[in-house]
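**Student:** Residues per chain, in single letters:
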Amino acid sequence: MTKSPSFRSTPFGSDPVAGGGDPGSTRFNQIHAVDFGRDGPPGRPGRSRTARRVLALSFALPTLACAIWAADAPEKTHLARTVTMRKMADSLHAVIVADQKIYVEQVAQKRPSAGDTPSHAEMLRKASQAIQKKGAEFSYTLRSLTPINPNSGPQTEGEQTGLAFVTKRPDEAYYTEEELGGRSYFTAVYAERATLTSCVDCHNQQPGSPRKDWKTGDVMGAIVVRVPLEF
Amino acid sequence: MFVLIALTAALALPATPAPVSPRLPTPPIAAKPGDLFEDVTRKAGIGFVHQFPHQRIANILLSNGAGAVVFDYDNDGFVDLYLLNWGPLEGVTSVPPGTPRQPNRLYHNRGDGTFEDVTAKAGLAGSGFASAATAGDYDNDGHADLYVAGIGCSQLFRNRGDGTFEDVTAKAGVGHGGAGISATWLDFDNDGFLDLYVVNYLTYIPEKESEQNPGAYPGPLAYAGQANVLYRNRGDGTFEDVTQAAGLYSPGHRGMSVSAFDANRDGCVDLYVSNDDTPNQLFLNDGKGHFTEVATDAGVAFNSIGEAPGSMNTAIADADGDGFPDLFVTRFGYGSLYVRTPNGHYDDRIWTSGLGRLTQRYVGWGGEFLDYDNDGDMDLVVANGSAFVLDGTSTLLLENQGNATFADASARGGVFFQTPVNGRGNAALDFDNDGRIDFLITALADRPFLLHNRVVNGNHWLTLQLEGTRSNRSGYGALLKLVAGDLTLQSEARCPTGFLTQSDARPHFGLGTRTKLDRLEVRWPSGRTQVLTNLAVDQILKVKEPQP
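Respectively, the protein sequence lines represent chains A and B. The numbering of the first sequence is the numbering used here, which starts it at 1 and goes up by one. The numbering of the second sequence is the numbering used here, which starts it at 1001 and goes up by one.
Since the hints were made in silico from the structure, they are not lab data. Note that CB positions come from ideal geometry on N, CA and C, so glycine has one too. It is possible that part of the hints are untrue.
Said to hold, decoys possible - Reference listing, derived: stretches of chain B covered by chain A, where coverage requires no fewer than 3 residues with Cβ under 8 Å from a Cβ of chain A:
(1) 1073 to 1086
(2) 1307 to 1313
(3) 1344 to 1352
(4) 1362 to 1368
Said to hold, decoys possible - Simulated coverage check for chain B against chain A, where a stretch passes if three residues somewhere in it have a Cβ under 8 Å from a Cβ of chain A:
(5) 1277 to 1283
(6) 1290 to 1302
What the hints assert, rightly or not - Keeping only pairs whose Cα atoms sit at most 25 Å apart, straight-line, the calculated SDA-like set for lysine to any residue is:
(7) A:LYS133 / B:THR1203
(8) A:LYS126 / B:PRO1218
(9) B:LYS1208 / B:PRO1218
Could you build the full structure based on these sequences and the hints that come with them?
**Tutor:** This is how it looks when you write it as structure tokens:
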């Protein structure tokens, strides 16, 4: 396998010759060798500053050449070059739920009565739309089998099946491939639990809520992450 | 000596012309006795074949196709057809040097079900890599003119009224050099003169390669989008670019088509732009020359799964019979049926309407509303096709159940709907003036398909032919309300552009079994309201705006 130019130019690229250490640290060690020469090794006292510099350079230049050669040497063969769709979806989901959790805990819960504070669902939707406006190659949305807004109900067969699956098995994600408008997608569905009493209270008090007996820990819906398999 | 003779003989033979397309045109499709639609393209004398100057869909510009315009250029009461063509384009196409461009074609409707090619006489062969065209009477002389949008070259042809056209692009100042892919006429300032909105696609760079799929060409996001342009008609045959002043300058999108319609029924025409891989845009006209983009708030920017995939086309009609215009968007990805709610927002009912399931296998391009059975609700025909290979897919005929839910009527539609076609543009028309709506599909690297409506159910209809006086002569922007007994229908006389095409601009109403029209109300763009009562059904009614 040949290295790509971008890896060659990266100071933290792999360095198989050095046994796995990154070339950045290798170069750092060589610079220390130069410094060592400047201070003078034991048993060679009295050498002039100029002579010490010449000696240091004579060590440094070959060492630097070795470092450059090492950077161009064959790389590790076990490095990941692709990310699976499942891993990509899982990673996106991890970011989404982390942001969501922090937003609920740090913002929404502290200003529950403020009219200008969007719910976590609105926050998620607005963030998703902001990403789409930039031209993203993935999308995500919030879904529920008992939505307050009818448009948040399942919109595809995959969502319908996935919501039923994660409602029964909330600790697992549901993965499938869909074809929507002739475009193939990898679709992942993750359970969305009511983690805080504020979630439960809000949904139970909403006039349009089709269900008003939510309890903490219930699966209220799901986050659906989609990655198109064609541009 | 033998070689010399052979060479001489070879030179004496007529040169074999380079093929227009890498595939043979689809042969005529024979309809079965009960089929609702029949392919009459060859019978009608339409021999056009789309020139595809490559062996495959090698890049994004080659995936889009070329369209057609339905308009009556000679005012004989029968709509004619203008079909657009591509040609060699450096960096985009790949054909032997010297390969000539095949002309656009103007087909004159003889009124007997056949057409004759009058391209040369009309002077409408065109040039370049033409995408779409739009027809409208910009100089109010009673003759419909043509604007052709193309990649790197767009042209305005003025209709002289004698069967010929003159290229007035430079004089009019509308020769934008962008990647033109769609255009529409509209009178955005209601001054009685049609203005022009041109949609530009993207800046194509031949050297780009796909990062994810080495075998595929890069998608639209790999290229910079181009801004669209609004030209204001000065009324003296010239136009000015007022995009910035009108609040319409919006770079970063890759437009595919535009639909001009009055979204909020305030008498001022609005714009909906379908974009490739960025959200669609709804520009509301304030009536003072300025537009505001409201698509996200209105609920028409994204599809129902929160995505902004490649939108090709938006068809406009009242799908649920509430009097307000709804939108059907075709996409490479999940489409949308945006149904307007009483509060002015839109619900995407692609799933609950049944359209999600019916269209999920297909990449939709030209989707068009038409009441093919004249029962008073708007059905759909959707031209589908692959974006990557020249093989065709099925076309869909979708029957409105009267409440914006749809059922697949393709089997009843006939053999055509089971025939693979790489469809692109889709225009509804009534070419034989029998009150039954036909349709025309343009196809990639293929001939077009003119489908004759053979529905026999005794339902009645009304078609309008409007003529503005204080308003623009084409009558674009007039709001229509028709009452026939228990049936009330609302519509709009629009410049009916969609992806690559323009449909028959004559507003058409299916009336079901009703035999009398109680009332027709026309609210002209000038503000004048005209009311006609006790009208006969099954006619093409000419309505002229009353003079002041």
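**Student:** For each hint, tell me whether it holds in the structure or not.
**Tutor:** How the hints compare with the structure:
1. 1073 to 1086: violated (count 0)
2. 1307 to 1313: With 3 residues in contact (Cβ-Cβ under 8 Å with chain A), the coverage given for the region 1307 to 1313 of chain B holds.
3. 1344 to 1352: It holds: at least three residues are needed, and the region 1344 to 1352 of chain B offers 4 whose Cβ sits within less than 8 Å of chain A.
4. 1362 to 1368: Result for this restraint: holds, n = 3.
5. 1277 to 1283: holds (count 3)
6. 1290 to 1302: Check passed, 3 qualifying residues.
7. A:LYS133 / B:THR1203: Holds, because 19 Å separates the two Cα atoms, which is no more than 25 Å.
8. A:LYS126 / B:PRO1218: violated, 28 Å
9. B:LYS1208 / B:PRO1218: Status holds; Cα separation ~7 Å.
The structure is inconsistent with the numbered hints 1, 8, although it conforms to all the rest.
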